[in-house]
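Residue numbers (the numbering used here), protein chains in the order written: chain A, 1 to 293; chain B, 1 to 358; chain C, 1 to 406.
Treat each hint with caution, since some may be false.
[Unchecked claim] Chain A is nowhere near these chain B residues, computed Cβ spacing over 10 angstroms in every case:
#1 Val-6
#2 Gly-20
#3 Phe-171
#4 Ala-214
#5 Asn-288
#6 Ala-298
[Claimed, not checked] Label-pair ranges, simulated between beta-carbon atoms:
#7 C:Lys-258 with B:Pro-97: 53 to 61 angstroms
#8 A:Pro-121 with B:Val-287: 31 to 39 angstroms
#9 A:Ile-134 with C:Leu-279: 44 to 52 angstroms
Worth flagging that the hints you see were computed from the coordinates, not collected in a lab. The model shown is predicted, which means the values in this text are computed figures rather than measured ones. Backbone N, C-alpha and C define an ideal beta-carbon position, used for all residues, glycine too.
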Amino acid sequence: MERFVQLVIDGIAIGSIYGALALALVLIFRSTGIVNFAQGEMAMFSTFIAWGLVEGGVPLGLALITTLALSFLGGMAIERVLIRPVENADPLTILIVTLGLFILINSAAGWIWGFENRAFPRALPDDSADIAGITISYESIGIVVILLIVSGLLVLLFQHTKLGLAMRAAAANPASSRLVGISVGRTLMIGWGLAATLGALAGVLVAPQLFLDVNFMGGVLVYSFAAATLGGFDSPKGAVIGGWIIGVAETLAGDYIGFIGSDLTILVPLAIIFVVLLVRPNGLFGSPEVVRA
Amino acid sequence: MTLLTVERDSPKHKRLKLAGLALLVLLAVIVPFLFGPYRVSQFTLALVYAVAVLGLNLLVGYSGQISLGHGAFFAVGAYTCAILLDRTGIHYLLTIPAAALTCFAAGLALGLPALRLRGLYLALVTLAIAIATPVLLRRFDSLTGGSQGLAVEQPTAPGWSGLADDQFLYFLALVVAVPMFWFAAGLVRRDVGRSLIALRDDETAAKTVGVNLATFKTRTFGLSSAFAGVAGALFVFNNGFVAPESFTLVVSFSFLAAVVVGGLATIAGALFGALFIVFVPVWSADVNDALSGVIYGAALIACMYVFRSGIMGLLRSAFARLVEVKGSTTGRVDDDVEKVPVGDADRRAGAGAGGVRP
Amino acid sequence: MLIAVLALAPAACGRDDDSAGGGGGGGSAKADPGVTDKEIKLGGSYPFSGPASAYGTIAKGAEAYFDFVNDKGGVDGRKINFITIDDGYEPPRALQNAKRLIQQEQVFALFNTLGTPNNLAIWDYVNQQKVPHLFVATGASDWGKDIKAHPYTIGWQPNYVTEARVYSEYLKREKPNAKVAVLYQNDGFGKDLLGGFEKAIGDTGIKVVDKEPYNVTDPTVSAQMGRLARSGADTFLNITTPKFSAQAIAAIAKSDWKPLHLLNNVGASKTLVLTPVGLDNAKGIVSTGYFKDPEDEQWQDDAAVKEYHAMIKKYSPRTNSNDAFAMYGWTVGQTMVKALEQMKEPTRDSLMDAVRNMDVEIGTMLPNNKIQTTPDDGYPIEAMQIMEFDGKNWKLQGDLIEAAAD
Chain A
1 MERFVQLVID
11 GIAIGSIYGA
21 LALALVLIFR
31 STGIVNFAQG
41 EMAMFSTFIA
51 WGLVEGGVPL
61 GLALITTLAL
71 SFLGGMAIER
81 VLIRPVENAD
91 PLTILIVTLG
101 LFILINSAAG
111 WIWGFENRAF
121 PRALPDDSAD
131 IAGITISYES
141 IGIVVILLIV
151 SGLLVLLFQH
161 TKLGLAMRAA
171 AANPASSRLV
181 GISVGRTLMI
191 GWGLAATLGA
201 LAGVLVAPQL
211 FLDVNFMGGV
221 LVYSFAAATL
231 GGFDSPKGAV
241 IGGWIIGVAE
251 TLAGDYIGFI
261 GSDLTILVPL
271 AIIFVVLLVR
281 PNGLFGSPEV
291 VRA
Chain B
1 MTLLTVERDS
11 PKHKRLKLAG
21 LALLVLLAVI
31 VPFLFGPYRV
41 SQFTLALVYA
51 VAVLGLNLLV
61 GYSGQISLGH
71 GAFFAVGAYT
81 CAILLDRTGI
91 HYLLTIPAAA
101 LTCFAAGLAL
111 GLPALRLRGL
121 YLALVTLAIA
131 IATPVLLRRF
141 DSLTGGSQGL
151 AVEQPTAPGW
161 SGLADDQFLY
171 FLALVVAVPM
181 FWFAAGLVRR
191 DVGRSLIALR
201 DDETAAKTVG
211 VNLATFKTRT
221 FGLSSAFAGV
231 AGALFVFNNG
241 FVAPESFTLV
251 VSFSFLAAVV
261 VGGLATIAGA
271 LFGALFIVFV
281 PVWSADVNDA
291 LSGVIYGAAL
301 IACMYVFRSG
311 IMGLLRSAFA
321 RLVEVKGSTT
331 GRVDDDVEKV
341 PVGDADRRAG
351 AGAGGVRP
Chain C
1 MLIAVLALAP
11 AACGRDDDSA
21 GGGGGGGSAK
31 ADPGVTDKEI
41 KLGGSYPFSG
51 PASAYGTIAK
61 GAEAYFDFVN
71 DKGGVDGRKI
81 NFITIDDGYE
91 PPRALQNAKR
101 LIQQEQVFAL
111 FNTLGTPNNL
121 AIWDYVNQQK
131 VPHLFVATGA
141 SDWGKDIKAH
151 PYTIGWQPNY
161 VTEARVYSEY
171 LKREKPNAKV
181 AVLYQNDGFG
191 KDLLGGFEKA
201 IGDTGIKVVD
211 KEPYNVTDPT
221 VSAQMGRLAR
231 SGADTFLNIT
241 TPKFSAQAIA
251 AIAKSDWKPL
261 HLLNNVGASK
271 TLVLTPVGLD
281 NAKGIVSTGY
291 FKDPEDEQWQ
301 DDAAVKEYHA
311 MIKKYSPRTN
321 SNDAFAMYGW
331 TVGQTMVKAL
341 EQMKEPTRDS
351 LMDAVRNMDV
361 EIGTMLPNNK
371 IQTTPDDGYP
381 IEAMQIMEFD
391 GKNWKLQGDL
401 IEAAAD
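Pulled out of the complex, with its shape left as it was, chain A reads as follows:
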């Protein structure tokens, strides 16, 4: 029993990592209708900037804030320059552009900072708590708390603010939104900026544990996509809970299902995506879309 609980706790810890990036994916989707394949790489790039600042002598807190701000600006710039020209195109085009962005950012980061891995300073305390024989690290607790706060803020943003409303309108129906005076361009830019910031936050939270290198977000991406799918692509709380479920499923499967073992755990998100889309396509908390035929 104790082992089971420990596995669940471990699963939630790792699931929080997936959920962090999934939140950025959900934000981008909710506010712009686009799913960004390059979200992880953007997060990685931001994390490297933070690292560079710290290496340059900037204190950690200031470096993090600066990075978040720069990521916001960067996200807006990417939307304006790269995405705006194709935002009305079909899903394939957008997918390819974001894929191109993925490859571009990944290589650019390698060019600038090299491919070796390095440490990233932790903002959260290092120790673990030992409760009734179960080990929980403070870092994981910290990440979970931050995730809950952020997802709560996002829910607030979307449901209870004018900006959030404007974003949802702009994403759902840009033409009509313009008619009622919403500046669609500006709203989209803000959406991208916020998502980039969230991604940066995810990166700096997770880098101390995963160690920073050019590919550290790459592995997380598929899991985060699965988390967002499971939770519903337009639900912030779905992203977090989805992440946890995937983390727990993966940890339990690795332990209890011999075939999967430790190396085939990638099959878990794959299976989950399939099952969710067949059984309950909107995910656990997503809202059904009405398509005007």
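Once you've looked at the hints, dock chains B and C against the given chain A.
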């Protein structure tokens, strides 16, 4: 600057096309005699990749189904061929249809559930498959040789041909690639081709003219994979070695890049896309090691903005300046290539929550 | 289709200066390709990009050594021209590079190609072309197993099976009834080392109680570490590459599990692994080495190591001379030069003759750890020494352990 004006489908037009084809054939045939073995092997590789890219183009460009896992089918074809060559005594030529059939089946198997997935979700699922491929190859190591890989004997030039081995491999690839291109072109030109494009652009309308979406989409998946399988077998002939590291995500990304850069929904584009992915990494690596990734990414993005039909589009417009073809546009499916921007509602539906068609 | 033709025409007309006709080496009676009175051309394929690119530093170390030798006049008046090409750790690209190096660049020999699958992909071709395939940068045991099948190929570093035996010997002495938990990379490297270890402990009291694989595409090994920690083992064998070595060490530091930690040589880099993880967390970790650690204070006044630091600074200033990979490159470069010096005639066969009859000492190798080959022994280095991390540096323990892989 028009040099020439012809009436479409006139005898002059037909002669011009025939001349062009003859020139192409001539060029293709002299290549191995003009260049040394290294360069020839690069062209051979381009032919091999072109077959795979052609398959992916059928799927992505013509039927609008996004696959980030083409490399997985390529791997299945390659390993089918390698395992057969390693374990059985069959003639290497027979591994080609074997690989094609295996991959066709695998493609169908994926195509069925893929019907329920749209756009982004299909991309995700195929992405996960591509990531899982090297892992699965290692897991089933009694079959695949695991991390050690499988080394097989490459086909050698038969004595009567008087060719060197590299030249023979080139011709082998050519002799396989040409019918594949011809087949794909035929597929696209007939009504089937129209249906595929109709599917891609507007499924509801396609339904009303009686096109059976499910069959077409699934079959396209199967066909696309079969192409990848054939390419995989040719790949083994040329390398004589397969290992899980040969089939990472990079391969799937490269194929997609080749489809886009060569020209979405074009047939000849596959060849240019393949040349792009064979030569660009070599050239850019000579400049700077991280550069090839930057170029790939930038090329993908640029193609989506500016060069919507990739290299083929560029060439077409250049050619159109020189030779004006007058006449009706019936029967020219390729003209449908320029995509009409799809409306916002459809975009949301495609990328939206659910991802399952009603 | 018309367009395709017209576009291809110019491409075809661009004729490259390839080797004449379709054929391989076998040049004139005087010297083989790649060797003139003034120059020797060597070729290498390395992962300068992609996930394995940290190993690219090896090439920098070798290049620095060749530059150093060239400035002193080269080998018998011939300067070494080392041409390296990126392969992104992809076997098909490595094969393309090998073809290019041999046919287009006409190198005399291939040197220090990196990666087990990459070398497996090219060795049939290279041997067919009768081109020396020297000192490959991988610890797989393949390269010395069947010399007759691939006579032109030879490894260099102690292979993984040898390394595994060294750990086994160490445990036999220190902890004869150890219960070992293993984390290993799910590829040739990891499986080779694990296999060697399991074989070496075969009839001893040492037991492997749990083994967990991981893939390089996994974001983290925390799940595996969790399982290993609960396995009841008192010893941990860590067969990982740098990023994952760091994660594993960090995981142990955070947990209650404090086993005897055996860290494989590849993951023992102070720069890439221990410093990021925190030197204190690495205290007590045991690993193996076969050349002098450039950061080890005990070699501070060692002439060979001092020369190394100075020359890296001079010839490759952007390379961190504390990076063990650079030292690896420097040392294997020296081995190559020794072979060239021993070569009697400027022919490939003569080079192979020299390579298969070596008995040399190199300053940056550990004392008494010679490079030795015979026509029957295809493993140049077969001894390693245990080292323990004291919180600041790796400290060598005991003596060199000879552990031939048979």
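Hints, one by one, checked against the model:
1. Val-6: At about 34 angstroms from chain A, B:Val-6 clears the 10 angstroms cut-off, so the statement holds.
2. Gly-20: holds, 30 angstroms
3. Phe-171: Correct as stated: the minimum Cβ-Cβ distance to chain A is 34 angstroms, above 10 angstroms.
4. Ala-214: At roughly 15 angstroms from the nearest Cβ of chain A, B:Ala-214 sits farther out than 10 angstroms, so the non-interface label holds.
5. Asn-288: violated, 7 angstroms
6. Ala-298: Label violated. Min Cβ-Cβ 6 angstroms, cutoff 10 angstroms.
7. C:Lys-258 with B:Pro-97: 53 to 61 angstroms: Since C:Lys-258 and B:Pro-97 have Cβ atoms about 59 angstroms apart, the given range 53 to 61 angstroms holds.
8. A:Pro-121 with B:Val-287: 31 to 39 angstroms: holds, 34 angstroms
9. A:Ile-134 with C:Leu-279: 44 to 52 angstroms: Given range 44 to 52 angstroms: violated, Cβ gap about 30 angstroms.
Hint compliance for this structure: hints 5, 6 and 9 are not met, and every other hint is.
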